[in-house]
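Student: Protein chains in written order, with my numbering: chain A, 46 to 350; chain B, 1230 to 1594.
Hint data in this document are derived by calculation from the structure and do not stem from the laboratory.
If you're wondering where the values come from, they're calculated on a predicted model, not measured in any experiment.
Cβ coordinates follow ideal geometry from the N, Cα and C atoms, glycine included.
It cannot be assumed that every hint is accurate.
[Unchecked claim] No more than 25 Å apart at the CA atoms, straight line, and that leaves these computed lysine to any residue pairs for SDA-like: (1) B:K1235 x B:P1458; (2) A:K349 x B:P1458; (3) A:K345 x B:L1566.
[To be verified] From the derived model, a few chain A residues whose C-beta atoms are all more than 12 Å from chain B: (4) D133; (5) L146; (6) L148; (7) I310.
Here are the chains, one letter per residue:
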Amino acid sequence: MPEFAVPLLAGAVTLATPLVFAAVGEIIMEKSGVLNIALEGTMLVAALAAAFVTYFTASPAAGLAAGVAAAVLFGLLFALFAVGIQADQIVTGTAMNIFALGLTGVLYRSLFGFSGTRLAVAGFQPWPLPFLKDIPVIGTVFFSQNVLVYAALVLTLLVAAALKRTRTGLYLQAAGENPQGAEVAGISVYRLRLLAIMTGSALCGLGGVFLVLVEGNTFVEGMTAGRGFIALAIVILARWQPVRALVVALVFGLASALQFQAQAIGIDVPYQLFLALPYVLTILFAMLVGRANVPAALAKPYIKE
Amino acid sequence: MIDFRKALLRAAPALGRGALSFVVALALVALLTTWAGYDAGVLFHTLFAGAAGDGYRISESLLRSIPLVFTGLAVVVSFRAGLWNIGADGQFLAGAMAGTFVALHWNGMAQVLMLPAMFVAAWVAGAFWGWIAVWIRVRREVNEVITTIMLNLIAVQILAWLVHGPLQEQAGAYPQSDAVPAAARLPVLFAGLRLHAGAIIAVVAALLLWLLLFRFAIGLRLRAVGHNPRAARFARVALERYRILAMLLAGALAATGGIVEVSGVTGRLYENLSPGYGFTAIAVALIARLHPIGVLPAAVLFGALDTAARALERDLGVSPVFADIVQAQVILIIILLETPAIRTRLQRALAGVQARMPFRGGEHA
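Please build the complete structure, drawing on both the sequences and the hints.
Tutor: Encoded structure:
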C-alpha cells in the first residue's frame, strides 16, 4: 500500500464520522415515520452549544454534553410541531433549518463579537486503542482516532441491532410502516415518534459536536456546509440501514479526502462537480431504484382517531 | 366580469391570519431582544428606517422582494398541487444560469430578441429542473422533498463550477461571469434608483397565476389534485398530468426570478446569487395563504425585512441572519394558527368581526 494511502484513509474516516452520526440519527427518525429535514439545523445548534461550553469550561466533555443537550432540545421543538400538533414535517423542518441558521448566527456574534479572529476551542485528542492500534493499516485508519469516531462505529452497530432485535425497535418500525395498525396493537405512536426524534436528534447533535471538537476546533457561522443534506442523501442510498449508511458515509468521506489530496498536489479537478456527486448519485438512485424500502408512513402526520 | 372587490373581501380573513403571524413574530423578537438587554425601540426604529426610511430604501426593499415574488409563486403553484417543492432555489439558479449563458453567447444576432431568448432559455431550464423531481415522483414514487433538496445543491455546485470555469470573466480575477450586454438588461423604473422593470413582470406573473388557478378549469383541477387527490381521481382528473404541469410551472416561475435578478440587478452570475430565496419563498407562500395575489404583499414584507436586516448589521452590528429568525418564526406561527384546535378558538374570537362583513370569509380565494 502506497505511503500516502494511510493518512488519506484516516482522513476519510474523520470526514465520514459527522455524516455517520447524522445519517444514523435520521434513520431512527424515518423508521418511525418522521421525515426530519432539519439535520443541518440540529448540527448547527449542537455545534454552537459545544463551542460555547467548551470555550468557557475548557472541557470538551462538557461541550459534548451541552451539544447533545442542545440538539435534543431542538428536536423537542420539532417534535412539538411534528408529533404534538401533527403539523407538516417538511414545512416545519424547513422552518427549523432557517431558524437554526439565524439563531446560531445572531447568538455567535452576540456571544463572541465580530472581531474577525477565529474562535479557538479545545478538542478531543486522538486516543489510540491498545492492541487494536497495532494492526497494520486498519489500526491507524480506524483505531488511532478519537473517542467520537469509536462512538460512531459502536452506535451504528447498536442502532442496527436495536432496530432489528429489540421490541422497541420493532414497535418503532411499526409506527413508521402502519401507525393505525400499531396503535390498534397497543403501541403509542406518539410516544415512539417522540422517542425516535429525541434519540435521532441526539445522534445528529454528536455530528455537530464532532465538527467543533475534532474537525475544526472552532465555530464558524453555517459551518455544517450542507452535511445535514448529504446525510439525508446517505439515508436514501443506504436504503434505511445503519450499517450501509456507515459504508456510504465512508465512501463519501474518501471521495472528499481524495479531492483535497488532488487539490493539494495540484491536480486540476473541477471540485465543485465533485462536491455535487453525493446529490447526483441520490437523484440517479431515486430514478433507477424508486421507492424500495421507504417506510410506508414516512412524512405523514399521524392523527389519532 | 371578474369581481375584484368580492375576491378581495373573501381573501381578507386568510390574509389577516398571515399578517397576524408576522406581527406576532416581530413581537416575539421584541420580547427576546428586551430580555437579552437590548433596547427594542432602537431595534425597531433601525428596522423601519432601514426598510422604508426614504425613497432609496423603499426602492431597495421592493428590489429585494422581486425574486421572492417569483419563487413565492413557484411554491404556491406546487404546494397547491400537493407537491412539497423545496426546490425553488435550484430552479431560480437554473433559470439564471441558462439565461445568462444565452446572453453571453448571443454573438451579433438581433439585439431586440436577446431578452426574450434569455427568458425562454430560463423557462426551459427551470421547468426541466422541476421536471426531474416530478418525474421521479410520478414514475418512481419517490417523494419530491429529498429530490428537490438535492437538485438545489446540484444547481449551487454547477453555478460554482461555471463561474470558476467555463463562464468565468475574461479578466479571470473573480469567480463571476462577464457582465451581460446592455441589450440583456431590464430598464430601471426611476432614474437614480435600482428598482427595475422586473417589478412589473412580477405583478403580471402574480395576476396570471391567480387567473389560471382561480378562473380557469385547469387551475381548479390543479387545486383539486392537491386538495383531495382521491376525489380528484374519482372526478377523472389525471393526477399525474396536473402534478407535472404544476412542477413545470413552478420551475418556470422560479427561473423567471433568476433571469430577472441577473437582468435587472446583478448583470452577471456569481456564486451567492441566491441567498436562499427559494427557502424564504416558503415563508412568503405560507404567509400569503398560498394565494398568488397575497404573494405580492408577503414578498414585500420579507424583502423589506431583508433590507432592514442589513441596516441592523450596519448600525447595530447584529448579524444579518437575524432576518432568518423572523422568517422561521413566521412559518412556525402560521403552522400553529393552522392547527385545528387553535384555529377554531381563533375563529370564534373573530366571529363577531366577520359577522359584520358583507361576505363571509371563504377558505381559499
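Student: Compare the structure with the hints numbered earlier in the document and write down the numbers of the violated ones, lowest to highest.
Tutor: 1, 4, 5, 6
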